[in-house]
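> Residue strings, one per chain:
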Amino acid sequence: MADADEDVIQTPSATAVPPPEVDLSDETQDFRFLNHLNFFAESSPNIPRRGEKDFEPNPTEHQADVLSASRGAMHNALSYPRLHAPKTRIVAFYAPNGYTPPADRATPKAGGEGANPNPTKPAPKPTRVSPDACVYVPNPKGQFFKSMGQADPTSRVWLLPEEALYLIERGSLDIRWPSPSGSTGSEEDLSIPMSLQAAYACFIGHGGLTLERYSVYTGLKRLGYTLIRAPGWSDDIEPQESDTPDINEPAPRLVGPGLAGIFSSLFKWIHDPYSTASTATGPIIGTGIHRHYMDVYRKLAIIPWYDPVTAPERHPSDTTPPFRVVFHVYKPSTPFKKSAPPPPEFRIAVVSTRDQTTMPTLMQLGSLLESTPLDPPRGEKMDRMMYMRLRHGYRNVIMAVVDQGVVSYLRVADSAFGKEKLFESKAVQGHKRNRNQKSRKR
Amino acid sequence: MANTQTTNRPNASALTSHIADKGHEAPHLAAAAQVQHNLQYQHLWTSIVGYTISGEAENTNTSGQDPQRPPQTPIALLSGYPPHRVYTHPDEQLYMLENGIREDDLEPERMFVVPLVQGQSWTLRHMAAVFDRLREFELKVEEHDRSVDTRTKHEEETDSDMAEKLARYYKKKEQARLTAEWGSQRLLIAMVDKGMGGDGTVAYYVLHEGEVKPRQN
Amino acid sequence: MDFQPDLPVPISYVSGRYLLFSIDVVTYLRREHHICGVLIGTLPQIPQQNVFLGLPLELMPEEARLLVDKGVACIVDETKAHDGMNTLLEEDRRRYLRDLESQGLHVSRIQTDRKERLREQTMKKLEEKGAKKKANASAAAAQTSAVPEDPTSTPPQSQKDASTVNLFAADESQSSSPAIEVSKNTTPQAPVAITPATSYPPLPTPSPSSYLSAPTVPPSYPLFAHLHSKGYFLSPGLRFGCQYMAYPGDPLRFHSHFLVVSYEWDQNIDLMDLIVGGRLGTGVKKGFLIGGAQKGIDDVDSEADRIDTVRAFSLEWAGM
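Residue numbers (the UniProt record's numbering), protein chains in the order written: chain A, 1 to 442; chain B, 1 to 217; chain C, 1 to 320.
Hint data in this document are derived by calculation from the structure and do not stem from the laboratory. Note that the structure is a prediction, hence the values are computed from the model and not measured. Any given hint might turn out to be false.
Claimed, not checked - Straight line, CA to CA, 30 Å or less: simulated DSS-like cross-link-like pairs of lysine-lysine: (1) B:LYS22 / B:LYS140; (2) B:LYS172 / C:LYS70; (3) A:LYS141 / A:LYS331; (4) B:LYS194 / B:LYS22; (5) C:LYS129 / C:LYS115; (6) C:LYS230 / B:LYS171; (7) A:LYS146 / A:LYS299; (8) C:LYS295 / C:LYS230; (9) B:LYS213 / C:LYS285; (10) A:LYS419 / A:LYS381; (11) A:LYS299 / A:LYS87; (12) C:LYS115 / C:LYS134; (13) B:LYS140 / B:LYS171; (14) C:LYS70 / B:LYS213; (15) B:LYS213 / B:LYS172; (16) C:LYS295 / B:LYS213; (17) B:LYS22 / A:LYS53; (18) B:LYS140 / B:LYS165; (19) C:LYS230 / B:LYS173; (20) A:LYS331 / A:LYS146; (21) C:LYS70 / C:LYS285; (22) A:LYS141 / A:LYS87; (23) A:LYS141 / C:LYS115; (24) A:LYS87 / A:LYS338; (25) C:LYS230 / B:LYS213; (26) C:LYS285 / B:LYS172; (27) A:LYS299 / A:LYS141; (28) C:LYS115 / C:LYS132; (29) C:LYS285 / B:LYS173; (30) A:LYS53 / C:LYS230; (31) A:LYS146 / A:LYS87; (32) C:LYS133 / C:LYS115; (33) B:LYS173 / B:LYS140; (34) A:LYS419 / A:LYS299; (35) C:LYS285 / A:LYS53; (36) A:LYS337 / A:LYS146; (37) C:LYS70 / A:LYS87; (38) B:LYS194 / B:LYS165.
Excised from the complex, chain A in its bound form (with noise of 0.2 Å):
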């Protein structure tokens, strides 16, 4: 026999109907639609709307040539080249061996001081440029180098693997391979440009950019947002050696109330029946005169719960990979300025599908949470309602689970339900409970 929410899957009008918003990079798209940009159009055109879809095969010669048109319009599409008008044309050199200080100059060697992948840290002020980048631009010029790439002092601006690549691709930046070494003409000369596939070759792989990050990380700037690498992009990060409250680091994390210590302390709660005294020897709520239900609920809160405000911070050398931060990302409308970047709106984790095939464990996620800031719940609107509370947490991280080029955005939050003292609120909620109502429902 049906229950009601199982015949709501079998009416066609609730799955024929597409939900309101549709994710249309979800499917394979129609590329028919593409047709109708022209191949030197000048305006940016609009995205076309998704096309019908067939369920199943038949011999019709009509399905023969949408499917044949279809094919034809992809390959039209994917054969658009990558152009660069004399006017606007970037040029930038691939640098296989990073950055070198101009020779005059008595600066270390780079990977020095730059190799500090922390980019909020002041650093000496003759160069920041990372040990990993590997392209530079000698006359930047346009938007994009706003909030991509490092100037050395001759103002040529370096670019990490991820930020040439993802201009490269775009069309935006034509990328020369260094001139031969004992070639005679001028150096310009003989520079070859770098294909789409010489740049994946020599940039995916360079300096901790995987095919997955780079998805992530081009995925994003497609839609507008600004990404920059976060102190976790490393695997091998040490352990931050500087900062000396790490001595009573230790025995926290073992009681101490991170979320993988809420299982100590209950495990503590139901092997000392001493804690809890009161209730190991009589009834909970004992004999006396209860003025209020307050009271009464208050002793029957026995169970320990974790508050994630009083969780410690963790460097993310506690993390394991690939459950750690390594994206830093901005809204398209934040302001971003390159030589001091404000504090991320989102921390991005990524996690390759083939690489790693199971779930994280409670204490993987524990600590990746406990890597970022505290960032609890705030505003007239999160006051206000507790379920907006309970899901926007008191940490916050997104994981970008990458599985072979489908890239899939999970937010997990550190929802302190301990905090929210139900009983304490009910008499405050009496008039809006619809409210309330309607948000469980979800």
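Position chains B and C against the provided structure of chain A, taking the given hints into account.
Chains B and C in isolation, oriented as in the chain A frame:
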């Protein structure tokens, strides 16, 4: 069962006494009894019969064994007549639509059910073992039906046009059975969760052998 | 028209992943071998969106393996192959650069031609329109003089005509000046620089001795290959809650039929997973398909031998 002491325990539920009455000790048979009860009283199935595909207890180390051999544990198999068709293949449905045949015009069809309990061992080997012997049980149950011969339905319907249509349909159906044109062998799996005593819910899914395109309605 | 590449086609192995950069190869594999991969690159013509993506195409190791086993493709270590860039002969470099330059010139010529043509077309249209309007206006004027009953209708109309005529004039003067500039520019005509999609040429075709061995594949490979051999198009499925999505035809044109999950022959299947999968599938009108090879990899000589031993089962909610 009824307790004669001063404090009376509540009477066992109909389902519990049904399972107890059957005297089934083996877990797969207890599940079969529960599913049979559910089919009979909740879904109004009739003429339910039960079989067992015996396991090979000596087939201890499954790895490296002949993959065709049945699993260690026995599998219970039920069969009965649902009041309405449970499954119609999309292409069969299309044929019926085109030929103006309604489901009510057709003879009721026996359906096989494998009762399963959450937590019991269930593998591809088990599924293959069931399908490999399904035909055998189909023939067995057909014989059973003939011997009992309870069904005299549709006898009076002598609309010659319809009779002809149906004859063509049955011929086509037999042919489709061989070519798997209207889907391959299929049965229901009935899944019961007895964790914490269970809540009596039985979830039914159609299991097809091989790739059978999904229904669209 | 259908392009037929030389076999085996090279698949670029880059940092543990399998990529394709040649659109001709991508189209060929899709058409002839039902291998779709996933487009992961930015389309240069519409770079600020994620709905339509472009080259490169990422292949699952399963797809690459299947093609290699069929003899259709080979695996090339692309990073290593590009070391060849350093040892390119000066002569080859010059020739390649000359080729690119002539292509660039060709493109810039097409672009200016097109601009020219567009300009001419709009001019022509405007002229025609202008002539028509003028004729209309004079006709209307004639009408009004002949039929003076409705004096209110004429002034706005003539006003409108006047304004349009003015617009035309402004338009013409605007469009003519850049046109002159263009023609000035075109006389020396600078070639447009091109970023090629692939590195072949200038790199020489990799030799068979440099091919890498067939990709290692996950335990789900036999089921993948089995479904592919039955004509299904497969794509990665995690986003939809499974291992693969199986399409009865090219996903460009068809909805998928199955959510696919592979099991080992004697791997215990949690009934709850069957219910979850069956429900997930039924909710989107798809079947939940499970299956696997009867033989383990140790029981056979090669992966290919396992594929024939695959058995699969489809699951749908019974509606009761």
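> Any of the earlier hints contradicted here, and which numbers?
Structure breaks hints 2, 7, 11, 17, 21, 27, 37, 38.
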